[in-house]
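**Q** Residues per chain, in single letters:
Protein chains: 2
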Amino acid sequence: MLAQPELIACVLELTATHGTQLERTQGHRAHALFLHLMQESDPVLAEQLHAASQTKPWTVTPLPQQARRLHNGETYPLRIAFLQASLYWPFAQTFLQRPNRQLRLGSSNFNLQAIHTTKQHSPWAGVSSWQSLIDQAQPTDEISLWFATPTCFKLGRDRQGKQRVGLIPDGQSVFQSLLRRWNAFAPTPLASPEQIEQLDIQIKRYQLRTEMLHAQDKQLGFMGKVSYKLDGDAHERRILATLADAALYLGIGAKTTQGMGLVQRISTQQPEQA
Amino acid sequence: MLAQPELIACVLELTATHGTQLERTQGHRAHALFLHLMQESDPVLAEQLHAASQTKPWTVTPLPQQARRLHNGETYPLRIAFLQASLYWPFAQTFLQRPNRQLRLGSSNFNLQAIHTTKQHSPWAGVSSWQSLIDQAQPTDEISLWFATPTCFKLGRDRQGKQRVGLIPDGQSVFQSLLRRWNAFAPTPLASPEQIEQLDIQIKRYQLRTEMLHAQDKQLGFMGKVSYKLDGDAHERRILATLADAALYLGIGAKTTQGMGLVQRISTQQPEQA
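Chains U and E are the protein sequences, given in the same order.
Residue 17 in this note's numbering sits at position 10 of the first sequence; the count goes up by one each step and never skips.
Residue 181 in this note's numbering sits at position 174 of the second sequence; the count goes up by one each step and never skips.
For the record, the hints were derived by calculation from the structure and aren't laboratory data.
Certain hints may be false.
If several chains are the same, the list does not tell them apart, and a pair holds so long as it fits within one copy or across any two.
[Claimed, not checked] Simulated crosslink set (PhoX-like; lysine-lysine; CA at most 25 Å straight-line):
(1) Lys161 <-> Lys236
(2) Lys232 <-> Lys161
(3) Lys63 <-> Lys236
(4) Lys126 <-> Lys236
(5) Lys161 <-> Lys126
(6) Lys126 <-> Lys169
(7) Lys225 <-> Lys126
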């Protein structure tokens, strides 16, 4: 049993108060809404968040859905992961104090109907702690990840000085990104970047495609499923498994506060695609 | 007009002489059939081919098709690309001398109905010459390739000494593979590997998945479509365009004589997948 959750992934159930046409991507609007809610719940904290360093202790993601047209009363699920429980409590409290409050996302109005934090309600919800992630991880030969929203990595700059964007989920980019977030927010680092760098994490199977995310700026990312064949001893492979399990909370790559990099570990099957 | 084709991609139209169940992958059987046909057309040449070095001057590919069950009279298209015209002529002659000859592929019997070498008959057929590929190539900012059968690259060996297989169509693997084949068979090299190595060939958009090829051994590969953003001056980008155009004949990666690495350049669109 978790004495005290430190990592909280919650799914906000927003219901449309009128028929509304959603824009293509709501990531940046969802992020604005999140900051607005934080502002309301704890102005001082919100100010600190705004000034926070590059790696933010939260992710915000409108969950992928088919329909763009919502009818009155239909649900729009918004997912927020908190990497610091101290952020979650004031946020949740505001909601408890003012249930059914109205929220605005772009030109659409919603009621905040519920906040779910359990897997029963959504595969994207859950609570955990850094230590229990470590305790529960098992060393394994293969890890599979599901990238559910466009994901990309900021690499260096090209010859013309333009930002290079990594659109391949190579093992190093993926696990270094997870490690960076882990080490930024967990009480103790899980490993050093150099330790991971030594490991040979080979892409083994995948089904992937690039997709454009329309946030404030357009940003290409990749989506889909990837399996990695792991190298290293049991201890090293357990570190990788811990990071993969933590991906649900941490997110991967760039712009995870605007809808990118929504990822979770999935069971590794060995289908013979033919 | 082509005075003398040097590169010939032909599609053999085989028709089933009875209802037959195709095996999952026919690549190695198709290759055996090809060698058998060569043996018949020119025994001395066939012997040389058999002893040929690693990079073979031909590719053999059963064209991807939906059905595994063929009815009597149904067509099974087999694609052979010759990187040396001297191989094609005796091969074609044998066919001309004995039209409608029976051929065996595994446990299935076929009639060799026709040999097509024009785009009108199949997008995988065509003739060209090394020089006309150079003459017709245009420098461009972006190149798209369609990998129509599983494709993979043999990389080095891993810690355990096991063969590593590259399952990502990164720009260097793709264009170095093309260059290696070009330089092996064309009268003059197109560029040096080092020249290509200096170029920044970024993956920009893609839709890809891994698939198992069941040849004599199983081999995973990737299939799908990829667009590359090209770096370099006009001359360098023209070299890349030439190689992309030549991919139809050259094939890419490992086991192109057993059905892998069937590739062609496709027009680059800028769809906004969203």
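**Q** Take the hints in turn and mark each one as holding or not.
**A** We went through each hint and held it up to the structure:
1. Lys161 <-> Lys236: both (24 Å within a copy, 16 Å between copies)
2. Lys232 <-> Lys161: Both. Shortest intra-copy (20 Å) and inter-copy (23 Å) distances satisfy the 25 Å Cα cut-off.
3. Lys63 <-> Lys236: Intra 30 Å, inter 31 Å, cutoff 25 Å: neither.
4. Lys126 <-> Lys236: For Lys126 and Lys236, neither the intra-copy (27 Å) nor the inter-copy (41 Å) Cα distance is at most 25 Å.
5. Lys161 <-> Lys126: Answer is neither: 31 Å inside a copy and 42 Å across each miss the 25 Å cutoff.
6. Lys126 <-> Lys169: neither (41 Å within a copy, 40 Å between copies)
7. Lys225 <-> Lys126: This pair counts as neither: shortest intra-copy Cα distance 31 Å, inter-copy 38 Å.
The structure is inconsistent with the numbered hints 3, 4, 5, 6 and 7, although it conforms to all the rest.
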